[in-house]
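Asker: Once you know that position 338 of the sequence shown is 338 in this note's numbering, the rest is easy, because the numbers rise by one and skip nothing.
Since the hints were derived computationally from the structure, they do not count as laboratory data. The beta carbon of each residue, even a glycine, is placed where N, CA and C say it ideally should be. Treat the hints with caution; some may be incorrect.
Using 20 Å as the maximum straight-line C-alpha spacing, the simulated SDA-like pairs for lysine to any residue come out as follows [to be verified]:
(1) K468 / H507
(2) K504 / G451
(3) K509 / D470
For each label pair, taking beta carbons as the anchor points, the in silico distance ranges come out as [to be verified]:
(4) W381 / F231: 44 to 52 Å
(5) H252 / Q188: 32 to 40 Å
(6) E205 / F231: 20 to 28 Å
(7) E234 / S105: 32 to 40 Å
(8) S243 / I376: 27 to 35 Å
(9) L229 / I419: 50 to 58 Å
(10) D493 / G388: 18 to 26 Å
(11) E205 / I419: 17 to 25 Å
(12) N450 / K133: 32 to 40 Å
(13) K212 / R482: 51 to 59 Å
(14) V101 / S487: 37 to 45 Å
(15) L132 / R385: 35 to 43 Å
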Amino acid sequence: MFFCILHNMRCGESFLSAHSPGNTLLMFDLISRHSPQNAKNDILSGLTVALALVPEAVAFAFVAHVAPLVGLYAAFIMGLLAAVVGGRPGMISGATGAIAVVVVSLVVEHGVEYLFAAVVLMGAIQILFGVLKLGKFIRLVPHPVFLGFVNGLALVIFIAQLEQFKLRGPDGQILTDAAGHTQWITGQPLVIMLALIALTMFIIEYLPRLTKVIPSTLAAIITGTLITLGFGLETSTVGDMASIQGNLPSFHIPDIPFDLATLKIVFPYALIMALVGLIESLLTLNLVDELTETRGQPNRECIGQGVANTTTGLFGGMGGCAMVGQSIINIKSGGRGRLSGVSAALFLLSFILVGSSLIERIPIAVLVGVMFMVVIGTFEWCSFRLIGKIPPSDTLIGISVAIITVFHDLATAVIIGVILSALVFAWQHAKHINASVSTNRMGGKVYELNGPLFFASVHHFQEIFDPKNDPDDVVVDFKNARVADHSAIEAIDKLAERYLKEHKRLHLKHLAPECRQLLKTAGDLVEVNVVEDPNYHLAVDRKDFEEKV
1 MFFCILHNMR CGESFLSAHS PGNTLLMFDL ISRHSPQNAK NDILSGLTVA LALVPEAVAF
61 AFVAHVAPLV GLYAAFIMGL LAAVVGGRPG MISGATGAIA VVVVSLVVEH GVEYLFAAVV
121 LMGAIQILFG VLKLGKFIRL VPHPVFLGFV NGLALVIFIA QLEQFKLRGP DGQILTDAAG
181 HTQWITGQPL VIMLALIALT MFIIEYLPRL TKVIPSTLAA IITGTLITLG FGLETSTVGD
241 MASIQGNLPS FHIPDIPFDL ATLKIVFPYA LIMALVGLIE SLLTLNLVDE LTETRGQPNR
301 ECIGQGVANT TTGLFGGMGG CAMVGQSIIN IKSGGRGRLS GVSAALFLLS FILVGSSLIE
361 RIPIAVLVGV MFMVVIGTFE WCSFRLIGKI PPSDTLIGIS VAIITVFHDL ATAVIIGVIL
421 SALVFAWQHA KHINASVSTN RMGGKVYELN GPLFFASVHH FQEIFDPKND PDDVVVDFKN
481 ARVADHSAIE AIDKLAERYL KEHKRLHLKH LAPECRQLLK TAGDLVEVNV VEDPNYHLAV
541 DRKDFEEKV
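Let's have the full structure, built from the sequences with the hints guiding it.
Answerer: This is the structure:
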């Protein structure tokens, strides 16, 4: 066994992919594709990501009305297991705002134990999605929807950073005045904060032009922190948000009644969380695919996210999914393999256990600068150049998805975007069906159809024919047409009925066998030219097709 593993490592293949792809998880998969240089990049990138994860996890914990450690534990467990089990090396997972927003009402109304139960069930649903191989359907998301998702996420990340410009009390809560209005940072603290943000962004942008020995993001965080400590600058730090000191997460079965009533409470939240988490994770997977010019495994990622969330719920975490911002930080910092995600998780755990006093001294402004660079790198600026060069409907769909992502949630935005794209496609192709009309040597009228016949084009299809004024023999030739769905079959059946009422003979040529079998209403009056009919199928599953072949 050991020599087999060594052989696969030398060949540049993981033992996982060579012997049992998608099922067995071995640590050799973490290092088999890495040279020492890549391993160094992954580790340093993981450290950079871990530093950026801390304030994000704490902030999302506040959003979900849970203790900061609940968010940090989720970031650690999600980051570790998703990196090992998931289908996208280099992608970072953790506690996210998309999940935090969903669980607020559950925590407020029923308590944190119900949250843990919902996270466990959420993971089970995601595993089921992966086992059923439903992850592949993310490939059906149209590009305008993907652009809207990316731009919407960039705006969400930007807006989230504005929260750091608000004054906070000793307990980390945002301060308000007597009228209930939010108090913002002003004066010298604001100047210091803006200067640190600008310095951070400058280092991240221009340091790679001088050296790539250390990730520019990590260098910016270290430089900004040393300057703040060296000059004694008064600015908000990670420790001002909340203490991140804690112990190892412990196994904990949710303390709730295990009955049908509890399931009715937990299941709706778990289902929504699972869908939101998978949509964000799989779209982030697509984004990382584009950035790295490699291809992840959507179904395996579903299972990886499910395993991570189920485990998180059993160890007191709030659940999560892939993180766009941290994934981009990782890729830009040189992280490419699973080792980067594992390193980020382990560094985060070390911060919680032994390094909290150091990490809590990092200025928030430095991390805000990092996230602003993420926003600049995430937003698809080419979207503005595409206006006027692509169909207006695609532009409208992209803008709609971005707006809904900002003001509602990601899952709703993507679902609405896909529906809008499908409706636009159906409407455009509904008008493509037409017919060339001629007369054959027997005096019969021939309709030679062109274009697809499906649910949206059946109305135009019916308008083409004139049963009352047509001769006794009518031929409909489907040679250049394509029957796509059940609505199309019903439309043909209805056309046969129309000619039947007029006591005229209808002949259908070049019609698929499936259609001929289902045209029951026309009976013997419908004649089909079997000799010339091609033996094609309406729709078959690829797996079924391969089995037939």
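Asker: Indicate, hint by hint, whether the structure satisfies it.
Answerer: Against the structure, the hints come out as follows:
Under the criterion of a C-alpha separation no larger than 20 Å, the hint pairing K468 with H507 is consistent with the structure, at around 16 Å. Distance restraint check for K504 and G451: the Cα-Cα separation of roughly 25 Å exceeds the 20 Å cut-off, and the hinted pair is therefore not satisfied. Restraint check: the Cα-Cα separation between K509 and D470 comes to about 18 Å, which is no more than 20 Å; the hinted pair holds. The given range of 44 to 52 Å is broken by W381 and F231, whose C-beta atoms sit roughly 35 Å from each other.
The hinted window of 32 to 40 Å between H252 and Q188 is violated, with their beta carbons roughly 45 Å apart. Against the hinted window of 20 to 28 Å, the Cβ-Cβ separation of E205 and F231 comes to about 23 Å, which satisfies the hint. Checking the proposed 32 to 40 Å range against E234 and S105 shows it holds: the Cβ atoms sit about 38 Å from each other. Between S243 and I376 the C-beta distance comes to about 32 Å, which sits within the given range of 27 to 35 Å.
The hinted window of 50 to 58 Å between L229 and I419 holds, with their beta carbons roughly 52 Å apart. Between D493 and G388 the CB atoms are about 44 Å apart, so this pair departs from the stated range of 18 to 26 Å. The supplied range of 17 to 25 Å is broken by E205 and I419, whose beta-carbon atoms lie about 39 Å from each other. Distance hint for N450 and K133: a CB-CB separation of about 36 Å, consistent with the stated range 32 to 40 Å.
Range check, K212 to R482: about 53 Å between beta-carbon atoms, so the 51 to 59 Å window is met. In this structure, V101 and S487 meet the distance hint of 37 to 45 Å, their C-beta atoms being roughly 38 Å apart. Checked against the hint of 35 to 43 Å, the C-beta distance between L132 and R385 comes to roughly 40 Å, which is consistent with it.
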